[in-house]
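Novice: What follows is the residue order along each chain.
There are 4 protein chains.
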Amino acid sequence: MSAQPLNIGMIGYGFMGKAHSNAYAKVNHFFPELKQKPVLKAVCARNRDRAETFAETWGYESVETDWRQLIERSDIDAIDICSPNNTHREIALAAAEKGKMILCEKPLARNVAEGEEMVHAVEEAGVPNMVWYNYRRVPAVTLAKQLIDEGRLGKIFHYRAVFLQDWTISADLPQGGEALWRLDIDAAGSGVTGDLLAHCIDTAIWLNGSLDSVTAMTETFIKERKHNLTGKVEKVGIDDACAFLARFRNGSLATFESTRYARGHKALYTFEINGEHASIKWDLHDLHRLEYFDHSDDSAVRGWRSIHVTDSDLPYMKRWWVPGLQIGYEHSFVHQVADFLASLETGEVAGPTFKDALETQMVCEAVLNSATTGQWTKV
Amino acid sequence: MSAQPLNIGMIGYGFMGKAHSNAYAKVNHFFPELKQKPVLKAVCARNRDRAETFAETWGYESVETDWRQLIERSDIDAIDICSPNNTHREIALAAAEKGKMILCEKPLARNVAEGEEMVHAVEEAGVPNMVWYNYRRVPAVTLAKQLIDEGRLGKIFHYRAVFLQDWTISADLPQGGEALWRLDIDAAGSGVTGDLLAHCIDTAIWLNGSLDSVTAMTETFIKERKHNLTGKVEKVGIDDACAFLARFRNGSLATFESTRYARGHKALYTFEINGEHASIKWDLHDLHRLEYFDHSDDSAVRGWRSIHVTDSDLPYMKRWWVPGLQIGYEHSFVHQVADFLASLETGEVAGPTFKDALETQMVCEAVLNSATTGQWTKV
Amino acid sequence: MSAQPLNIGMIGYGFMGKAHSNAYAKVNHFFPELKQKPVLKAVCARNRDRAETFAETWGYESVETDWRQLIERSDIDAIDICSPNNTHREIALAAAEKGKMILCEKPLARNVAEGEEMVHAVEEAGVPNMVWYNYRRVPAVTLAKQLIDEGRLGKIFHYRAVFLQDWTISADLPQGGEALWRLDIDAAGSGVTGDLLAHCIDTAIWLNGSLDSVTAMTETFIKERKHNLTGKVEKVGIDDACAFLARFRNGSLATFESTRYARGHKALYTFEINGEHASIKWDLHDLHRLEYFDHSDDSAVRGWRSIHVTDSDLPYMKRWWVPGLQIGYEHSFVHQVADFLASLETGEVAGPTFKDALETQMVCEAVLNSATTGQWTKV
Amino acid sequence: MSAQPLNIGMIGYGFMGKAHSNAYAKVNHFFPELKQKPVLKAVCARNRDRAETFAETWGYESVETDWRQLIERSDIDAIDICSPNNTHREIALAAAEKGKMILCEKPLARNVAEGEEMVHAVEEAGVPNMVWYNYRRVPAVTLAKQLIDEGRLGKIFHYRAVFLQDWTISADLPQGGEALWRLDIDAAGSGVTGDLLAHCIDTAIWLNGSLDSVTAMTETFIKERKHNLTGKVEKVGIDDACAFLARFRNGSLATFESTRYARGHKALYTFEINGEHASIKWDLHDLHRLEYFDHSDDSAVRGWRSIHVTDSDLPYMKRWWVPGLQIGYEHSFVHQVADFLASLETGEVAGPTFKDALETQMVCEAVLNSATTGQWTKV
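Protein chains in written order, with my numbering: chain B, 39 to 417; chain U, 39 to 417; chain L, 39 to 417; chain V, 39 to 417.
Bound conformation, chain B alone (with noise of 0.2 Å):
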């Protein structure tokens, strides 16, 4: 096993920056297998302090303050973009430019327009590149795809998705800046769609196909409220909560609906997928269990199965620890760089690219638009 060092620039320090390099410090521990060995080269965020405070911790080599300049350093292999949803576009562009693999958090971009120019530049420019939509590998997750590839629930007829959360019901909470960049329009692009229900999107694409048509509704619970860059109140641009009717190009039916007004859920995402034969339900909350029926089973002891995604033959679990014994959350970001690392050793894909992301992007604007003019709308 001759290592291979993986540098990475990582943009950002935030929730995200921690999950990912996590991923990275941790991947080949568990994938000894893998040649590439990520290098925590330099982090980069405008507030020196902060950044060598998360360099210290983390092991980043250097700090950078200017993404330009970390761009141009000929020793980064690959470019983590896990700033605000309003850089990605540009850091992705400049990146691709200079021939860096690119791993950029979800949402792609803020809109298709921008999305369009970000899957243009990956490919004019033939580097490598992902993005974070990081649930397909919770191991209940790729089961779930798994067992639908294997055709055992037959035909789809219904899909159904929620992610519910409720720590935005404070009217007192103010919006944007660093922490809140999230509630902000211009940092953020949209509120719970770009947020929660792209990731709903982005695993029921992979686990169903294309959507075709859809129906939605937005709210903005809360009209006003301070802005931390401004310091005044000022109008709420993002969506509080969004739902939407699809219909996929396969002929099933979906109900998708995110909101963050949803008292006593954390980051409650599930979803639930009816077959002719089988079916499948999943939950966030409980991420180590997938509960699936199947309708050929003998009559007297036919019922929802609770499977505890822990036994070694299921998906990634040989990697941890044994039988019983269930992981968190972190690890489906190890997961993912565990085969995004095999990709470049075996030239095999490992989605979401940013094209995939992009036709997430697409559903996402869609439904924007259905909530405003109240029309059917195609993706």
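These are computed hints drawn from the structure, not numbers from a lab.
Certain hints may be false.
No copy is singled out in the list; a pair is fine if it fits within one copy or between any two copies.
What the hints assert, rightly or not - Straight-line distance between alpha carbons at most 25 Å, and here's what the computed DSS-like set of lysine-lysine pairs gives:
(1) Lys273 / Lys261
(2) Lys264 / Lys193
(3) Lys193 / Lys304
(4) Lys264 / Lys183
(5) Lys319 / Lys304
Dock chains U, L and V against chain B, hints included.
Specialist: Relative to chain B, chains U, L and V alone:
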């Protein structure tokens, strides 16, 4: 306690005939203070043999084969309509004219026009009337109503309900006739919208007030089925599945969905309500539980509470057994009869009345219209 | 169908009197093929006023205040003993002598000596007899029996059962008298052992065969309580809690526990059985579900199955509603009466008989003895 | 922050070697305030090839094949003992003599005599010492401790714990050797008692104080298995299953059970504690949840609460992600290392120490003795 007989004439002897008969037979055992005592005077159905068997089983004193005869009888106080939806209007109009009380199975009618005639008829006649939206009187649902009315949830942001079944997935299932009239558009008026979503809508209006507008989609997965009345393969006219987005007048958002193609679900009626301070969930498959989350709990011990609704201080439960011992589906009908009987003593109306049920019918019609036009539709 | 009345004389009108009366009243509605029809001929209790109220509520034709009078009556076919445990022996002996069938509440007696006399009496008299261990006929429990008998579990390694309540934690609760005779050692014979563990033991023997030996501990947390009959604070003689280890004759190991000091549990009777190939779990708080794990499932989709025991091909369920609609506690009594009535037609005994219940009594006595001696004790 | 290296010498590279190494690698990322930084100085195992592979994967700087050599090294501060139970005593005694800190896998030893020597050795040497009873530091378990210490449960009546597995049911499974030393009585000292019940006992003592006396039974279902070291079929000396009743010194009653023959359970460690005012339940299969019942809740909304232990104000959770995103098994080790490192700074002991673990050993020995004698046995 001077008992007073309430002579019941039942039309129909199917599943609902059984559920109602059981309620009449049990109600005075568990609500001994009621002065009114239902007497099973007559059951009416076209098939005399089956009607007689039913009468013998349940103790009906007589049998009729023509509902007009039943309505003519002066020894009948109340008509219970359990026959298919396409008979509701005609029977109700005739019964009201004769001054009979009417207890009508849901949905009230096949459409708003029929429903309006029925409401007009009972109001004109001044007869007590009720529609069997029985789920209001599942103790956990009644408790939900109580908690909302006490203001525990605060402003309500979200309402979501589904009613999922899986019994019509096989393409070999025929439509129509006595057993399968629910699949026949002429007899039923609609598919899951009137059969299942009507329940969800009745509960929703009761708990959260009127709906303002909807946008919907419907689907008929199996386009043709053999018709039991004609013996020929015929177009299926009903909706196999229906989903809609809605806005309540109080500003809360809603999603509703129903289908008979959700493998693994027999009668999964669930609703969830998210308020500013607290949230509630309920599931017909475990109807004796109510899930409740209260944000005002001390954060160290905050979580969804699973209330086992069996304690004697919870709605209706002092009537039954001891804490920990659950009741089932049929008890909701007993409660509804008990409340109806009490209303005859007190004069306080026991809902849902025909008029209440007409509002549900209006929502159903708006939903079906929206599914055709693709437009948001006012209720 | 030529109906044949079975005239019931009920002794006692408490909680169990209500449960049994309901069963007699309902059984022919749901088991219409039965020729035997219970007739509520008389209820007997010392307090005439209350007995008359009870008779009026349930439709008993007459009232007795002395059980010896009741037993003398030639118009009574069957005696149902619902009075406190200290009356079982004397009533049963007298009733058997008069040739009455006997349906006796559990536990059979206060101790083995009493029980042996009772078994001797009914066998001598040759009268049909049954003890109300009703949980055998909760459909999910009956299904468990069926799965075990089919060999699906294979060799059984482990059995564990608990019956947890929390209603006697307050030291202010008195003991004795009509409402609280279960806390009075003279009336009850024992505490949780005879009241709750007896249920667990009856089920266990039925499902897994005889127990061989036990070692036990008991505790009385509140040592003295006011006695309702004397008005004085007196020593509490019953066991508040009891736990025991056991070995079955078939080699499997068991743990049993019961208490009335398990805060949060009203009537949490659960059992779990682990076999070589499969395992089963059941919980009275959700009595309409059976949990089942089958190791022979494909490993990708192996998990505990939650069987919603409502389909019509599952035990007793074709009698009730449609799939997805649950029944409750009281239905187990209806099933037991139905099986008893059928046994009168077919001659096949419907257990548990007095003799079956005596075996449970022997285990209880071994448990209580072991708790005193601290030794392993043969049953 | 002046980092201070803590040089680790690890003995063993199996499952626990991996879990500990991961903890050392991660701890400073998530507890950046710690001054002590573990350095993976050396791993020691007899098989040099495997040890080198392990060292390469985890970044150990060197490899030893003789633990005595490791202990001799002056560049090692702390010895981590992950080798089979029969090596603990000898290594610990030697390491203590050399003044090394010791972190020892559980159980402390094969029996009390060995354990006493070990406690004596570390106390004599005055070296920091700890045993890896990691479940204390699953956040939900730590929260349970906090709730009990706050007095929320009041007087505790009942404690029950099980640890159920199913991996040794096949008679074809051999015993002994590197992979299966846990089935070899010489290497392990006992079966489930030391391997699994020891965890339950450690938690129980921590949460509810010392045990006073026990009565136990054990069983070895498969009497003979091929031995990997001899190649011959040999008697199995370990306990496959063990259950015991116990009394705590505080008066509460307990049941404990462990087995490797509970089909359907991989690592089902559960405990439940019933107090006068409140109760608590926990389950390793969903380790991120704590179930809590508080009797002081308003009766209308009283029920078991499922606390999703992910909020940042709950034990350890501010270290990780955001509310709703769960952690897994391995994090308990990270927390234990963090607390150990902090203890080196503060001087406050981070339990369980060798002495704490000796008490668990004493309970295990009393249990095994009782299973032999059939007598209640004092701890």
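Novice: Against this structure, judge whether each hint is valid.
Specialist: Here is what the structure says about each hint:
1. Lys273 / Lys261: within (6 Å within a copy, 49 Å between copies)
2. Lys264 / Lys193: between (49 Å within a copy, 22 Å between copies)
3. Lys193 / Lys304: between (33 Å within a copy, 19 Å between copies)
4. Lys264 / Lys183: Neither: 43 Å inside a chain and 36 Å across chains, both beyond 25 Å.
5. Lys319 / Lys304: both (18 Å within a copy, 16 Å between copies)
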